[in-house]
Structure formats: C-alpha cells, structure tokens
Amino acid sequence: MGIEAPSVPVLGQALKRKEDPRFIQGQGRYLDDIKLTGMLYMALVRSPYAHARIVKIEKQRALAVPGVLAVVTGEDLAGLGLHWMPTLAGDKQMVLATGKVLFQYQEVAAVVAESRAAAYDGAAALDVEYDALPVLVDAKRALDADAPLLRDDREQKNNHIWHWESGDSMATAAAMAKAEVIVKQDVYFPRCHASPLETCGCIADMNKATGRLTLYVTSQAPHVYRTVLALVAKLPEQMIRVVSPDVGGGFGVKVGVYPGYVVAVVASIVTGHPVKWVETRTEHLGSTAFARDYHMNVELGATKEGRVQALRVHTLADHGAFDSQANPSKWPAGLFNICTGSYDFAAAFVDVDAVYTNKPPGGVSYRCSFRVTEASYLIERAMDMLAAELKMDPADLRRKNFIPPERFPYTTPLGWTYDSGNYPANFEKALTLIGYDDLRREQTERRARGELMGIGISSFTEIVGAGPSAQFDILGLKMFDSAEIRIHPTGKALARFGVRHQGQGHETTFAQIVGSELGLPAADVLVEEGDTDTAPYGLGTYGSRSTPVAGGAAALCARRIREKAKKIAAHLLECGEHDVEWADGKFRVAGAPERVVTMQDCAFAAYTNPPPGLEPGLEATYYYDPPNFTFPFGTYVAVVDIDPGTGEVKVRRFLAVDDCGVVINPMIVDGQIHGGLTEG
Numbered sequence: 052m053g054i055e056a057p058s059v060p061v062l063g064q065a066l067k068r069k070e071d072p073r074f075i076q077g078q079g080r081y082l083d084d085i086k087l088t089g090m091l092y093m094a095l096v097r098s099p100y101a102h103a104r105i106v107k108i109e110k111q112r113a114l115a116v117p118g119v120l121a122v123v124t125g126e127d128l129a130g131l132g133l134h135w136m137p138t139l140a141g142d143k144q145m146v147l148a149t150g151k152v153l154f155q156y157q158e159v160a161a162v163v164a165e166s167r168a169a170a171y172d173g174a175a176a177l178d179v180e181y182d183a184l185p186v187l188v189d190a191k192r193a194l195d196a197d198a199p200l201l202r203d204d205r206e207q208k209n210n211h212i213w214h215w216e217s218g219d220s221m222a223t224a225a226a227m228a229k230a231e232v233i234v235k236q237d238v239y240f241p242r243c244h245a246s247p248l249e250t251c252g253c254i255a256d257m258n259k260a261t262g263r264l265t266l267y268v269t270s271q272a273p274h275v276y277r278t279v280l281a282l283v284a285k286l287p288e289q290m291i292r293v294v295s296p297d298v299g300g301g302f303g304v305k306v307g308v309y310p311g312y313v314v315a316v317v318a319s320i321v322t323g324h325p326v327k328w329v330e331t332r333t334e335h336l337g338s339t340a341f342a343r344d345y346h347m348n349v350e351l352g353a354t355k356e357g358r359v360q361a362l363r364v365h366t367l368a369d370h371g372a373f374d375s376q377a378n379p380s381k382w383p384a385g386l387f388n389i390c391t392g393s394y395d396f397a398a399a400f401v402d403v404d405a406v407y408t409n410k411p412p413g414g415v416s417y418r419c420s421f422r423v424t425e426a427s428y429l430i431e432r433a434m435d436m437l438a439a440e441l442k443m444d445p446a447d448l449r450r451k452n453f454i455p456p457e458r459f460p461y462t463t464p465l466g467w468t469y470d471s472g473n474y475p476a477n478f479e480k481a482l483t484l485i486g487y488d489d490l491r492r493e494q495t496e497r498r499a500r501g502e503l504m505g506i507g508i509s510s511f512t513e514i515v516g517a518g519p520s521a522q523f524d525i526l527g528l529k530m531f532d533s534a535e536i537r538i539h540p541t542g543k544a545l546a547r548f549g550v551r552h553q554g555q556g557h558e559t560t561f562a563q564i565v566g567s568e569l570g571l572p573a574a575d576v577l578v579e580e581g582d583t584d585t586a587p588y589g590l591g592t593y594g595s596r597s598t599p600v601a602g603g604a605a606a607l608c609a610r611r612i613r614e615k616a617k618k619i620a621a622h623l624l625e626c627g628e629h630d631v632e633w634a635d636g637k638f639r640v641a642g643a644p645e646r647v648v649t650m651q652d653c654a655f656a657a658y659t660n661p662p663p664g665l666e667p668g669l670e671a672t673y674y675y676d677p678p679n680f681t682f683p684f685g686t687y688v689a690v691v692d693i694d695p696g697t698g699e700v701k702v703r704r705f706l707a708v709d710d711c712g713v714v715i716n717p718m719i720v721d722g723q724i725h726g727g728l729t730e731g
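The sequence shown: position 232 = 283 (our numbering), numbered continuously.
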C-alpha cells in the first residue's frame with residue numbers, strides 16, 4: 052500500500068555523514084563568506100594593560116584615517132544605557148570599558164570603516180591614555196588584604212565571587228580521621244584557550260524600513276544570543292533574528308555573547324548599514340572565554356589494604372575579570388563534584404572559592420570548564436598517589452574500588468545519581484586489549500637496563516547532557532531542548548532543532564533518530580538548525596548535550612507524531628485504533644500481520660484523507676526536559692618511551708575504551724573519539 056518503508060532500522064547503522072559532501076566540495080557557508088550590500092567593517096581597540104585607569108580617549112586621529120566613519124567608546128554606550136551586559140553566570144561585564152580596564156586585550160573602543168583595513172588602521176590611530184594600576188594575576192593572592200581591588204562596581208569590596216560546597220563535611224572529616232593512609236597534593240590545572248579554525252565574528256544588520264535586526268553570528272547557542280540581545284539592546288525579541296551559519300568549530304568558546312557582538316549591533320543601528328566584525332587569531336586567544344585555571348588541594352583517605360574511604364577537595368577558581376562561567380544556579384562551580392569518579396567512596400566533601408583576577412573572563416570553553424576534565428585528572432592523580440604510597444599496582448587499586456555494577460543506580464556522596472555502568476568490565480577490556488600484564492613485565496626488564504618506559508591508566512565517569520531544569524540553567528533559562536518535525540504528504544520529513552552543530556554530525560544523527568522512530572530512511576529526513584526564525588527555542592550545543600537532550604526531544608517528538616499516525620492507520624486499515632500495533636517501522640493489525648500501512652501511507656492520508664474529526668497534517672513540536680544527566684564512562688591506557696638523556700617522550704600506544712550507551716552511528720562516535728584523542 053503506497054511507498055515502501057525501509058526494511059531495517061536506521062538507528063545504530065554506520066551511515067556516512069549526510070553533511071560531508073557539501074563541505075568537501077567547498078559549499079560550506081561560513082560567516083566570512085557572507086557579504087551584504089553596503090556592508091561596513093568594525094575593529095576593536097583593546098587595552099595593552101591588564102589593569103589601568105582610562106584617562107582619556109581622543110577620536111580625532113582615528114576619524115582622520117581615510118575610510119573611517121565612526122568611533123564608539125564606552126562613554127558613548129553609557130549614554131545609550133548599553134555599557135553593561137550580563138554574563139552567562141549573571142555577572143555584569145563591560146561592553147566597552149569605562150573608567151578602567153581589567154584585563155589585557157579588554158575592549159575599549161570600536162572603529163567602523165568602509166573596509167576592514169581602514170577599520171584596523173583607525174583602531175591603531177586611536178589615542179587612548181592609560182594610568183597603570185597594580186596587577187593581580189595570582190589567584191592565591193586575590194583574597195589578601197593588600198591585594199588590588201578589581202571590581203569597585205560591586206558592593207562587596209573584595210575579589211571574592213562566591214563560596215560553594217558539596218557533600219557532607221562532618222562525615223568526611225570523621226571518615227578521614229579513621230583512615231589508615233592519607234595522601235595529599237596541591238594540583239594546578241592551568242588555563243587554556245580553545246582555538247577553532249574559525250574565530251568569533253558577526254554581521255549585524257538593522258533594517259530601518261522594518262525595524263528588524265538580523266545578526267549573523269558564529270554561535271553555538273543562537274536562541275540564547277537572541278534573548279541576551281533583547282535584554283541588552285532593549286529591542287523587542289520578535290524583532291531580532293539570529294542566524295548561525297556553518298560554524299568552523301566551537302569547543303564551547305562560541306557559547307557566550309561577546310562585547311563585539313553588542314557593539315556591532317549598535318554600530319548598525321547608528322550607521323544604518325550592515326556591520327561586520329571578525330576577530331583576529333591574536334584577539335581570539337587574548338580575550339575569548341578560557342578554560343580551567345584552578346588550584347586544587349586533594350586529600351584521599353584509605354585503608355592499608357587500599358579501600359578508599361574519604362575524599363576532600365578544596366579548589367580556588369580563577370575566573371578572570373568577570374564571572375562568565377555558564378554555571379547553573381544550583382551548581383555555581385559547575386559539575387566539578389563528579390570528582391569521586393568511578394569509585395565507591397563512603398564520604399566526600401568539596402568546597403570551591405571563586406575569585407577575580409586581571410585575566411580575561413572564563414566560560415564553557417574546551418570541554419566545559421569545571422566539568423569532567425579537571426575532576427577526572429584530580430581523582431586519577433590521587434588514585435595513582437595512593438597506589439604509589441601503598442606500593443600497589445595502579446590497576447589492582449582501581450579494581451578494588453570500582454562501584455560494583457549491581458549497585459546501580461548509584462548515588463555518590465556528592466549527590467549525583469549514576470544511572471548505569473559496568474566499570475570493571477570496561478576496565479578489564481582495556482587492559483586485555485593493551486596487553487597490560489605483558490607491558491608491566493617489559494617495563495620491569497627495561498628499567499633493569501636503565502631504560503625508561505611509562506604505563507598510564509585512567510578511568511573516568513563523565514557527566515553530560517546538560518541538563519535537567521531542576522538542576523541546571525543559564526541566566527535563568529532552563530536547560531531543556533527542542534525538536535520540531537513535519538512530515539510532508541509524500542512521506543519526507545523536515546526536522547528542526549534548537550541546538551547548533553559545529554561538526555558533530557547532527558544532520559546525520561538526528562535523521563537516524565527520527566527515521567528509526569517513524570520508519571523512514573535517514574535520507575528522507577532533512578535536518579535544519581541555526582535560524583531562530585524557524586527553529587524551536589533551544590539552549591544550544593556544548594557539554595555533550597545535543598544528542599542526550601535534543602536527540603531525546605527528537606525521539607519524543609517523533610513518537611507524538613506516531614500516535615497521531617496510528618489513528619490514521621486505523622482509519623486506513625478499517626479497524627479500531629486499539630487493534631493497530633507498530634512493528635518493524637510499520638503499522639499493522641494485531642493478529643493479521645499481512646494488513647500493513649507505512650508511515651508514508653499515513654502521511655499522504657493526513658493531507659488527503661484524514662479520519663473524520665482529526666485535524667489534517669502530520670507534525671509536532673516537543674520540548675524535552677530530561678530527568679537526569681547521562682554518565683558515560685571509559686578507560687584510557689597510554690604507553691610511552693622516554694629518552695633518559697634528552698627527556699624526549701614518545702607515545703608508543705594509546706588505547707581508549709569508551710561506553711557511551713546507545714550508539715546511534717558508530718562511525719560518528721569513532722570520529723569523535725579519534726578527534727578527542729588527537730587533541731589530547
């Protein structure tokens with residue numbers, strides 16, 4: 052009856068990525084490929100000082116540069132009430148500095164010109180006089196009585212941002228007092244910056260005739276940008292359209308709203324022209340959101356036999372000049388309290404103090420600052436320290452302390468409920484594949500000859516899928532996500548999402564989810580993202596949340612469509628709805644498997660022959676608020692050879708064994724793991 056449905060499910064197949072041919076053939080459309088009629092260009096003037104008073108800004112020389120049309124300063128924005136903007140954490144950040152600058156490369160002024168070259172020439176010609184102030188770059192000095200006060204705009208006249216605790220401090224102290232062995236160490240996880248192929252940038256286009264702003268921007272979270280711009284620029288939100296074209300890598304650095312975007316919007320409003328701003332690589336590394344920069348003190352208590360008992364961690368978090376972490380209200384330190392990892396602790400306590408310094412502000416850059424990266428490093432370092440103290444093989448110590456699979460769902464002493472896992476099986480598979488026992492024997496023999504060979508083991512439990520709105524938000528926006536699916540009369544589907552990919556393969560992955568739920572080939576599902584005028588509201592792509600949250604929305608949205616299609620199927624099969632069952636991607640009559648209709652049949656009937664009283668059409672929208680995070684896990688093993696004379700390290704082997712739950716597309720999963728391993 053009608054068009055034939057696929058005979059096999061599309062979920063779990065290693066389909067080639069649908070989006071790749073377009074990019075391979077050079078048909079990607081990135082921000083800098085967009086050129087609008089009458090477009091002007093903007094360059095930002097940035098501070099050479101990390102901390103200084105702005106004495107004066109003189110515009111004359113810059114305005115005299117051929118092609119320069121305007122110079123915008125913080126004082127100009129203050130006159131419009133636009134000199135402050137909210138960060139993702141709800142702090143205030145200067146759009147263009149007024150009074151003083153708080154980090155090197157902070158935005159001080161903007162120059163708008165007829166060409167990019169003229170804009171940068173004008174920026175170089177702008178006269179800014181500074182009065183240097185004492186600089187604070189050491190987070191450990193931030194709370195000293197004689198430390199320079201950075202944020203004199205705050206009522207709280209010190210550099211402390213917040214204090215946060217997780218776990219039971221008294222139970223942990225009691226368990227630590229009973230511990231037979233305690234290992235301690237101060238660990239510094241240094242600051243790093245993501246560096247995607249494409250830097251950040253935007254084109255702001257205010258249409259004077261319609262009063263509507265279109266912002267083309269390199270964004271991982273277009274809807275969040277629209278809401279922030281509505282709040283900052285005081286524009287009605289329905290009069291703002293944010294378009295995220297193809298994005299050349301993100302790594303979290305393109306989640307936050309940067310001052311350049313707001314200034315470009317103002318410049319377009321003032322000049323009546325589209326205004327493009329694209330940062331240089333130097334600007335990108337000097338001012339966009341960083342990751343890490345945490346001083347961590349860890350104590351781990353255990354028995355002499357190596358059973359872990361208690362974990363206590365204090366962290367000093369350097370947030371730079373503004374608190375820009377995308378941290379939820381309930382977890383201001385992010386998800387760092389996943390730091391008990393894969394191990395069965397009786398008690399644990401974590402406390403974190405965040406401070407301001409004269410550095411660029413943070414964000415969710417590079418594997419989501421304050422998430423599993425620091426937490427895994429911390430606990431795995433502590434486990435290796437304990438193994439060394441007890442003269443125990445690091446593998447045996449881990450075997451002794453993994454959470455047993457029969458204990459799941461498992462609630463950690465720091466409050467997370469792990470849904471499922473089999474850590475011992477994952478661990479043993481990794482050691483078997485790498486040939487661990489043989490490697491240890493080889494290591495012993497080589498050390499006897501004065502040769503250096505290292506074997507490193509690390510197990511992790513990650514927390515992804517931000518997130519449940521009961522626990523997670525950004526600027527008060529709950530961390531749900533969305534899907535909208537429309538089935539056309541011929542059985543082809545259009546699926547739109549509130550997330551935005553930067554290479555993860557959403558066009559393929561989401562098509563497989565929708566196709567599997569609706570009995571459609573993945574090739575028949577077109578996936579669209581990145582335009583706030585057409586996509587349902589979503590919180591964006593970062594922190595490994597797209598598939599667990601937006602993918603969950605896709606599945607539930609498709610099931611909502613399937614429920615309506617079931618009514619149509621009953622109409623076509625001339626039976627009661629209760630007699631219709633869904634199996635193998637088709638509707639059939641229970642007990643009469645030869646009586647079958649496909650989703651394509653139902654789609655055509657939805658527009659041409661719907662049952663009496665049923666609304667025509669076949670489409671749905673779903674906003675998914677997950678009940679919990681997801682907790683993938685794995686084991687990595689590295690084998691290195693070290694030249695004792697030069698210290699040169701060569702990685703001989705590196706093995707990753709990951710358990711990410713249901714695999715939608717094995718090829719894409721493998722690609723993500725290979726990419727992650729390549730980056731380190």
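Keep in mind that the hints were calculated from the coordinates and are not lab data. Some hints could be false.
What the hints assert, rightly or not - Listed next, the in silico PhoX-like pairs over lysine-lysine satisfying Cα-Cα at most 20 Å (straight line):
(1) 355 with 86
(2) 191 with 208
(3) 229 with 529
(4) 208 with 151
(5) 67 with 235
(6) 381 with 235
(7) 381 with 480
(8) 442 with 69
(9) 451 with 355
Pairwise hint evaluation, residue 208 against residue 191, where the allowed Cα distance is 20 Å at most: Roughly 17 Å between the alpha carbons, so the hint for residue 191 and residue 208 holds.
Need the status of pair residue 381, residue 480: alpha-carbon distance at most 20 Å? Violated, at roughly 37 Å.
Between the alpha carbons of residue 381 and residue 235, is the straight-line distance 20 Å or under? violated (28 Å)
Decide if the proposed pair is consistent with the structure: residue 67 and residue 235, CA atoms, cutoff 20 Å inclusive. violated (48 Å)
Take a quick look at whether residue 208 and residue 151 sit within 20 Å of each other, Cα to Cα. This hinted pair holds, its Cα atoms lying about 16 Å apart.
Is the straight-line distance between the alpha-carbon of residue 355 and that of residue 86 20 Å or less? violated (68 Å)
Agreement of residue 229 and residue 529 with the hint, judged by alpha carbon distance not exceeding 20 Å: Answer violated: residue 229 to residue 529 is near 42 Å, above 20 Å.
Pair hint residue 451 and residue 355, alpha-carbon separation not exceeding 20 Å: Status holds; Cα separation ~12 Å.
Given hint residue 69 paired with residue 442 - CA-CA distance at most 20 Å: Roughly 52 Å separates the two Cα atoms, so the pair is violated.
Comparing the model with each numbered hint stated earlier shows that hints 1, 3, 5, 6, 7, 8 do not hold.
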